[in-house]
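S.K.: First to last, the protein sequences are chains A and B. With our numbering as the guide, the letters of the first sequence map in order to residues 7 to 146. With our numbering as the guide, the letters of the second sequence map in order to residues 192 to 492.
Heads up, some of the hints might be wrong.
With the Cβ distance kept under 7 Å, some of the chain B side facing chain A (calculated, not the full set) [said to hold, decoys possible]:
1) Ser203
2) Val224
3) Val261
4) Asp360
5) Asp363
6) Val369
7) Ala370
8) Asp372
9) Leu382
10) Glu387
11) Asp391
No lab work stands behind these hints: they were computed from the structure. Beta carbons: idealized from backbone N, C-alpha and C, even for Gly.
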Amino acid sequence: MDISINVTDGVPIYRQIVNQVKYLVASGLLQPGEELPPIRTLALQLKVTPNTIVKAYGELEISGVLHKRQGSGTFVSDARPQLAMRDRRRVIEQRIDALLVEAYQLNFTADDILRMIRERKAAMDETGAEPAEEKKELKR
Amino acid sequence: MEHPVIDVKDLSRTFADKKALDGVSFSAAAGQVYGLVGSNGAGKTTLLKHMLGLLRATAGSVRIFGLDPVRDPAGVLSRVGYLSEERDLPEWMRIDELLRYTQAYHPTWDAAYARELLETFALDPKKKIKDLSKGMRAQAGLIAAVAHRPELLILDEPSSGLDAMVRRDILDAIVRAVADDGRTVIFSSHLLDEVERMSDHVTLMQQGRVTLSGILDDVRRDYQRSRVRFAEHFDQPPVIDTALAMEGGGRTWSVIHSGSIEQFRHSVHACGGEVVESRDATLEEIFLARAGRGRQQVEAA
């Protein structure tokens, strides 16, 4: 699983893992039903204490992104996390605010950012979900 | 009754006229990784040696699995793996002799695991310890420390002076000890990014005292790094109560501070400034800020 840890940006490691797994699921690089690496394997790969992986998987399970199957492993859930519209908006709005502040400091306008979001989405679609999956998405 | 794996209470130790440990308390629970950080001479090695019973407590107490490691060395050491900073291995032995010798003291020795590690590290068992490179010595020492699958693994500066490959072997051994067997690990290190990755708990020692100790994520959350802009220029950093360290100049400063963001914002406002952004501080930032503050206090004293 393609996850990288950065210890210089102040984000707790378990949170970096949570965010990146969510990203991998959202972008289709991790498909519903797909199995995640066992705790030991991912800890060895990332060079982090196994308890950090336990914590990250635990949080992803609570938010409905992953689920454990008794006696086997940890899998990507079929359903998207169920949150109330208001909560879902709030999560995204916080991210947008942070993005806009950063953009302002780096001299990008809101229009630049909108264009870049579309470009990133297009790039994500190319590397991520299969065309068939895309169609299913649209019908939903 | 369950004992904590490590239980050190109010431990003090004086060498000649220098206080090496000054009222240190520390405890460790099973299945967790504890990172011990601090400058050279802060007392890390002295503390670890007390846990192994290599030093006798002059004041305070040390219990490992509820046992006194000085009075019951066999009971404690058979359940502990130790890699010393100096990797003081018997120079005249060959690697296979070292492992046989270590095995004799440890009924729980896992010969298959020892063999697997020898192969992974590509070590020649017939080689004499004195002919080994620094990295190979660390690898040989590591096998001797982990092959009996100890309940407690104590590593003193395990990565010190090693290249990235051997450092990875050491980190792998820590991960495996915890993931496979639910063992407890305590390691000291000056590589703060390594401590940040590998530790569940972190303890900072300064001048023989524990000055900061807790769950790593909690410790990190208690300290923030904020960028601040002031209306006027400052040649010297302005005084802000909760600031531990300030870097920068003129109107823009970067501040490591503790306590609540609201309180910090308030203090910054009072100096005619505003907080541009905040994030959790990294262990390195916290460590440097605390160490800098320690120095100032010494100078002031």
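S.K.: Decide, hint by hint, whether the structure agrees.
M.R.: Checked hints:
no.	hint	in the structure
1	Ser203	violated, 30 Å
2	Val224	holds, 5 Å
3	Val261	violated, 30 Å
4	Asp360	violated, 11 Å
5	Asp363	holds, 6 Å
6	Val369	holds, 5 Å
7	Ala370	holds, 4 Å
8	Asp372	violated, 11 Å
9	Leu382	violated, 10 Å
10	Glu387	holds, 5 Å
11	Asp391	holds, 5 Å
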